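Chains as they are written, first to last, in this note's numbering: chain P, 2 to 280; chain W, 233 to 497.
To be clear, the hints were calculated from the coordinates, so they are not data collected in a lab.
Just so you know, these numbers come straight off a predicted model, no measurement behind them.
All residues carry an ideal CB built from backbone N, CA and C; glycine is no exception.
You may find that some hints are simply not true.
To be verified - Cβ-Cβ distance ranges computed for the label pairs, FRET-style:
{"no.": "1", "chain 1": "P", "residue 1": "Ile111", "chain 2": "W", "residue 2": "Glu377", "range": "46 to 54 Å"}
{"no.": "2", "chain 1": "W", "residue 1": "His269", "chain 2": "P", "residue 2": "Leu218", "range": "33 to 41 Å"}
{"no.": "3", "chain 1": "W", "residue 1": "Asp461", "chain 2": "P", "residue 2": "Glu95", "range": "17 to 25 Å"}
{"no.": "4", "chain 1": "P", "residue 1": "Leu184", "chain 2": "W", "residue 2": "Leu470", "range": "29 to 37 Å"}
{"no.": "5", "chain 1": "P", "residue 1": "Tyr158", "chain 2": "W", "residue 2": "Glu395", "range": "31 to 39 Å"}
{"no.": "6", "chain 1": "W", "residue 1": "Met344", "chain 2": "P", "residue 2": "Asp96", "range": "44 to 52 Å"}
{"no.": "7", "chain 1": "W", "residue 1": "Asn427", "chain 2": "P", "residue 2": "Asp96", "range": "29 to 37 Å"}
What the hints assert, rightly or not - From the structure, some residues in chain W lie toward chain P, with a derived Cβ separation under 8 Å:
{"no.": "8", "residue": "Ser252"}
{"no.": "9", "residue": "Phe266"}
{"no.": "10", "residue": "Val313"}
{"no.": "11", "residue": "Ala322"}
{"no.": "12", "residue": "Trp326"}
{"no.": "13", "residue": "Ala342"}
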Amino acid sequence: MTWLLEPLSYPFMLRGLAAGALVGVVCAVVGTYVVLRGMAFFGDALAHTVLPGVALGYILSGGERASLFWWALGTAILASLGIGALSRNARIKEDTAIGVIFAGMFALGIALISTVRSYAVDLSHFLFGDVLGVTNRDLILTAVFGGIVLFLVFIFYKEFLTLSFDPVLAATLRMPVGLLNNLLLALIAVTVAVSMQTVGVALMVAMLVTPAATAYLLTRRLWKMMVVAAIIGAASSVTGLYFSYYLNIASGAAIVLTATAIFIVVFLFNPRQGALRRG
Amino acid sequence: MYPHTHHQSNEPILDAQNLSVRYDGRSALDDISFHLHAGERVAVVGPNGAGKSTLFKVIAGVLPPTSGTVTVSGSRPAAHVCIGYVPQRAHVDWNFPVNVADVVMMGRSAVMGAFRWPTRRDWNFVHDALDTVEMRGLAARQIGELSGGQQQRMFIARALAQEAELMLMDEPLTGLDLPAQEGILNLLDTLQKQNVTVMVATHDLDQAEKYFDRVMLLNQTLFGFGRPDAVLKPEILLKAYGNRLKLVDANGKLTTLDDTCCGDE
């Protein structure tokens, strides 16, 4: 048991575990819609598009990290609504438009950060997260904004469900379809901002997609998919951090690798539709 | 969110005046006018790309017409939540994590209102709707495990749970075997007894003739609207379908073969 308890004696580890579990739950629940609506590429692009905003904040605040959450939040919401508008109006295909914008914004972010002296270290924090550097203040922000996201997913459950399954029905029931779509984009944006510190922009899409995809293989109803995804997300974060502690590997990568391993096991062996159990 | 409009019973349930829809300068519907009274059962026939789905979307208030007006019980369609749209089975994600009861309950969303969860009354509506389509025992079944006929009946149950008074069914019989088609057609009788107005898009001219009060023959414009024997005449059909239709005279009975069967529009 001591191997389980030993890391808990470090406050930074406790904060990291709490932040990781919170982020795991929020990403997984929102990720349920990302998976069902085929928005994985959008989620990936959104995470990367946040980088220039964060970099700008970083430069303007003189390397100070406390305000970065707000920069990430603002950029993510702007970018999600911008991508949403672009995909509705553009004459080129949606995924092409996202690809162009996302690579460009990501490059801008890297360019901005490269003007700072401690370039390599800072960039890697933004790209891959720094869950062990989470402060109490970060933890509170994560809990508050993550809580708001979960609350909105909960109260608009039947609207998001109907809209995702059958947009024409949602329209004939006179739901405000455009508003709900934008709300969902904004929720994904807040989730991205909340998770940046933990997994970083480069691996964010894994937290959004992998636990939800695993739950998709295991469940047949939306709310069960959300619950199972949340459990897998939180468990991946906690387990991943232990791996990170004992094997001395980067925390974000350890979390994502754990989630991926769970997905592969479920994909191959799950009793319902596992690849090796079929036929 | 979720309007509620009282119906004026002296108005026709559906009244279309000079409807036209154009996409990128191409005409999809051109100057369509007709009206329906409550409880009527209409087959909408026409070749692929005739604009059947477009017409349904305009009637449902989901697609605004380029010109012309639609009124449902005296007001514009978007003021109503009583228009049930039954989608083509091919357009549905059958792996979506929902069961039959979940899908039927979606129909209750508008009646429930925002920020509300299903009450016992809503569940009663869902169960009654499932009883009507004889699927009560399948309420907990995942939708991907249903047969084609069951999938179609589930969507009709959803429209019933919605308390729809006007149902628009997009190719509900396409791809079903004969017993399943019969199940749907029997269900149409039940709906008529409940005074539900039904418009059914179909490729099958024989069924349109046999099972419907009125037939609408559509190909961008209205080629005919009236009793089946008045509309489904060779000369009118040939005009609407052009050379995409073959007429076969079998034992004195005219059989029509539509060689454009069964694709998307």
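Hint check results:
no., hint, in the structure
1, P/Ile111 with W/Glu377: 46 to 54 Å, "holds, 49 Å"
2, W/His269 with P/Leu218: 33 to 41 Å, "violated, 50 Å"
3, W/Asp461 with P/Glu95: 17 to 25 Å, "violated, 49 Å"
4, P/Leu184 with W/Leu470: 29 to 37 Å, "violated, 52 Å"
5, P/Tyr158 with W/Glu395: 31 to 39 Å, "violated, 22 Å"
6, W/Met344 with P/Asp96: 44 to 52 Å, "violated, 36 Å"
7, W/Asn427 with P/Asp96: 29 to 37 Å, "violated, 47 Å"
8, Ser252, "violated, 21 Å"
9, Phe266, "violated, 20 Å"
10, Val313, "holds, 6 Å"
11, Ala322, "violated, 13 Å"
12, Trp326, "violated, 11 Å"
13, Ala342, "holds, 4 Å"
Checked against the numbered hints above, the structure violates hints 2, 3, 4, 5, 6, 7, 8, 9, 11, 12; every other hint is satisfied.
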